Amino acid sequence: MRRFVALPLGALALSGCTVPAFGAHKGATTESSSVFHLWQGFSIGAVIIGGFVTVLFVYAILRFRRKGDNIPRQAQYHLPAEVIYTVVPILVVFGLFAATLVVENKEVANPKANVTVDVNAFQWGWKFTYPHTETVVIGQTTQDPTMVIPVNTNVHINLTSTDVIHGFYVRAFNFSRYALPGVLNQFTLEAVKTGNFSGQCTQLCGLYHSLMFFNVKVVSKSQYTAWLASTANPVAFAAAQKTTGQQTATQVPTKPASSHGDN
Amino acid sequence: MVDLITPPPAIIDVDHDGDEGHDEHHGATGILKWMTSTDHKVIGLSYTVTSVVMLIIGGLFAEIIRAQLASPNGTLVSLAQYNELFTMHGSVMIYLFAGPFAFGGLANIIVPIQIGAPDMAFPRLNALSYWLYLMGSITMLMGFFTAGGAANFGWVAYAPLSNSINTPGAGADLWIGGLLLTGFSAIFTGVNLTATIFYLRAPGMTMFRMPIFTWNMLVTAILILLAFPVLTAGLIMLYCDRHFGTHIFSVAGGGVPVLWQHIFWFWGHPEVYILALPFFGMATEIIAVFSKKPVFGYKSMVFATLSIGALSLGVWAHHMFTTGVVLLPFFSFMSLMIAVPTGIKIFNWIGTMWRGELWFSTAMLMALGFLFTFLIGGLTGIYLASPPLDFFTHDTYFVVAHFHSIVMALVLAGMGGLYFWGPKITGYLLNEKFGRIQFWFLFIGTQVFTFPQYILGLDGMPRRIAMYPHSPQWKTLNDWSTFGAILVGISMIVFVVNVGYSWKKYPCGDNPWDAQTLEWFTTSPPPHHNFYRLPQIRSERPTWDYNHPEHRSLAHGTGGTGTHHEPPLANAIVGALEHDQDHDA
Amino acid sequence: MRVEAKLLLGLGAFFGVMAVVYWNWGHENAGGVMMFAGMLLCLVPGSYYYWWSRRMKARPEDDPNATQGEGAGVVGSFPGSSIFPFTLGMGAFFVVLALVFGIWFLVPGLGLAAWALLGATAEGRRGGHV
Chain A
1 MRRFVALPLG ALALSGCTVP AFGAHKGATT ESSSVFHLWQ GFSIGAVIIG GFVTVLFVYA
61 ILRFRRKGDN IPRQAQYHLP AEVIYTVVPI LVVFGLFAAT LVVENKEVAN PKANVTVDVN
121 AFQWGWKFTY PHTETVVIGQ TTQDPTMVIP VNTNVHINLT STDVIHGFYV RAFNFSRYAL
181 PGVLNQFTLE AVKTGNFSGQ CTQLCGLYHS LMFFNVKVVS KSQYTAWLAS TANPVAFAAA
241 QKTTGQQTAT QVPTKPASSH GDN
Chain B
1 MVDLITPPPA IIDVDHDGDE GHDEHHGATG ILKWMTSTDH KVIGLSYTVT SVVMLIIGGL
61 FAEIIRAQLA SPNGTLVSLA QYNELFTMHG SVMIYLFAGP FAFGGLANII VPIQIGAPDM
121 AFPRLNALSY WLYLMGSITM LMGFFTAGGA ANFGWVAYAP LSNSINTPGA GADLWIGGLL
181 LTGFSAIFTG VNLTATIFYL RAPGMTMFRM PIFTWNMLVT AILILLAFPV LTAGLIMLYC
241 DRHFGTHIFS VAGGGVPVLW QHIFWFWGHP EVYILALPFF GMATEIIAVF SKKPVFGYKS
301 MVFATLSIGA LSLGVWAHHM FTTGVVLLPF FSFMSLMIAV PTGIKIFNWI GTMWRGELWF
361 STAMLMALGF LFTFLIGGLT GIYLASPPLD FFTHDTYFVV AHFHSIVMAL VLAGMGGLYF
421 WGPKITGYLL NEKFGRIQFW FLFIGTQVFT FPQYILGLDG MPRRIAMYPH SPQWKTLNDW
481 STFGAILVGI SMIVFVVNVG YSWKKYPCGD NPWDAQTLEW FTTSPPPHHN FYRLPQIRSE
541 RPTWDYNHPE HRSLAHGTGG TGTHHEPPLA NAIVGALEHD QDHDA
Chain C
1 MRVEAKLLLG LGAFFGVMAV VYWNWGHENA GGVMMFAGML LCLVPGSYYY WWSRRMKARP
61 EDDPNATQGE GAGVVGSFPG SSIFPFTLGM GAFFVVLALV FGIWFLVPGL GLAAWALLGA
121 TAEGRRGGHV
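Chains as they are written, first to last, in this note's numbering: chain A, 1 to 263; chain B, 1 to 585; chain C, 1 to 130.
Distance condition first, Cα-Cα at most 25 Å in a straight line; then the derived BS3-like pairs of lysine-lysine:
| hint | chain 1 | residue 1 | chain 2 | residue 2 |
| --- | --- | --- | --- | --- |
| 1 | A | K221 | A | K106 |
| 2 | B | K433 | A | K67 |
| 3 | A | K26 | B | K475 |
| 4 | A | K193 | A | K26 |
| 5 | B | K433 | B | K505 |
| 6 | A | K106 | A | K193 |
If we take Cβ atoms under 7 Å as the criterion, some of the chain B residues that face chain C in the derived model are:
| hint | residue |
| --- | --- |
| 7 | L128 |
| 8 | L132 |
| 9 | T206 |
| 10 | M207 |
| 11 | F266 |
Just so you know, the hints here were simulated from the structure itself, not pulled from any lab data.
Owing to the predicted nature of the structure, the values given are computational and were not obtained by experimental measurement.
Note that CB positions come from ideal geometry on N, CA and C, so glycine has one too.
If we strip away everything but chain A, and leave its shape as in the complex, we get:
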């Protein structure tokens, strides 16, 4: 079954540049590009089905306008047509579902990662902690924090929230995930392009929801190592690590005592 679906999907991937993008984009990670191809597949289906229905619809409007007072033939059932438009959508749905499963399994898989980032969302900012190093980045509405990750590396993200539900969304990754209080959400991504990408909280989280930005900076591996070394700050890290450790251990996040309490 999977191979059966993977084949056309792979063909689609190969010809990706000739198929229209339908408003989406390939993104900057391996995951985002498979999402993009799924998007293209769904869009082709939508255009075909939507186009077909629209043509029927417009034809009916133009062709069957009232011309006098005749009463048309009172046909109510047409077996072949009804069977076709029941069976075909079911087949389409199975196809879409199979394609979905392939991409979904790829996205929720947790391959071995070399870099881990603990992402903690709070009202109204982000904290990026790099375990086993001494780097922590904190930013709020006044200054957007930047998460730095290396290119071509599996990066494992541990997503938590301190207070309410936030949404970790990076458009370039074609991906979002809730930061839930009391839950450790994990996912892995592999950036394939260097550059600066913007991210934003997408789940309503209170007054300054509109301004809860962050950046993701994808750099080469050597630049990443250098950046880690230059930003090491044992004192801040110890404080941050303590709270993060508590959260994962007891699943009960507590509000950091630091300067985030402007609500």
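The hints should help you fit chains B and C onto chain A, whose structure is shown.
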């Protein structure tokens, strides 16, 4: 005391004075009559008027929201006011307009007449529904007049944002209280509709002869009974969390915030169909009448409605794909499956038009506008049923655009319903010229305001943001969206002007559209207990059969030429359902 | 009656299957319980209708060949108008305000509700509206 009496046997000539005492309602007049009436038509009209007022209030909120977003650093309202505005926009539209308009307003008026009933099964409960709804609406909107402002946690009130620490103040409690009242109102209406449809049908009106609108209302009513109690329970839990120190949804006390989402969406997704099915029914009736044909694939239409109802209980967590804690394949599959019955409905609508004689009255234009807009909303909905694509678009304007395509389609169908059934309720037609102007403003405005939002969503604009200082390039598309919203606003003004202009101007007679179902057999407006007489009911179109005895549906084998087909599957099921009955009869 | 019964039984059976699949697959309690309750909400009245439908003659509305005369007669007896729905609605309104603004709103709220309940009951027994 009035006995509910079913009408006398069918007679061709009717002496309208023959059953005096039932057609005239003696008693109080004026405002006291309105307050004490238990007539389903009076209650339904109150519902309709109230819910259209709510539509206008919610629309005003929308216009303010769009004005704020017309520039990247909008300063029209503050961040706090913006949160209140979109919360109340969503709440008013979902809780106070769409549902009550459909199952409290039009269904209340039309369903009993469509099945030949003298009133709803529980007239006093029906009146209570209206008062709970009205007081609930007032309660919810009272939030704007409290010190802390109205509720501001979004219409979904996700815990823990909705707890007493993050959202203190009376506005949130008023929101909960208002929802409790309207929730009970909906439950009572659900009880009433189910009982009416099960017990008060006219002789010969078997289940498979009920008009599609009534069928859709039956499924809606059952869904109301399944879903609304869950919401009410959830709201009580939320209230306890806020005031009585329980920790059902708070992590600190060992609770689970995601539980609120499960409870909310277990109500919330059936609610989507509770909103949509009545409007599907309206569009079905309108398209059939103005094509001069029976509903194409009547039985598959009924089974499509039933399957939507059945599946709707298993799809709630597609709103929660990005929480990372739900069973993705199950909900993805169930949600995709809903596309099948929905597709059947769309093809049936086109099949109804096929080879018909289309009369493009305002009601028909609205129904066709519904069909097209719903097609767009439905197709974009299929993307959202796929978890990877939902990760990509969740909580962006893509989702906002998707459900606005859907709900604006419902508004179009609802407006069609008003133009179609309004004459039956009031006895007077609305002006068609104004109607057409209103349609074009509404239809074009809808597309102009949703289409840029799809692109904005794909471009990464999150929902519920009051400003976008980092992305000024979104301004152009937002301006287009705002322009579309203004067009929609103008269409509402045209509607209000039309109602004023046409006030008691164009008397309509009993059956202005040559319509098919039973409500068009009685007078406009119908007498106190709806019918002076009833025709024999031998199909789902008794009025049509009566007026055009030589043009009955081919499926019934009594007229026309050529062969006809019935779907064997649907027929087998109907046969099995009715089989025992034949034995008894 | 039998169609109504089978409709509810069918829906209930579907919800039951869905609940079992969901619970065994997802091990998530809240949704499982709610689907199970949904199943009961369909099966209980459905079974009752089914039980009755086997013991009663087909009603005129279930008979495809019924004539209108068969349905003539008194369906039930109801007040033509009644103030008590309004009263009860106002009572509920004040009770809800008590949730928000303070317990003293319960006094008018419960008072109106009690009056409505007594009044509506008396109205039903006396047979006539206020």
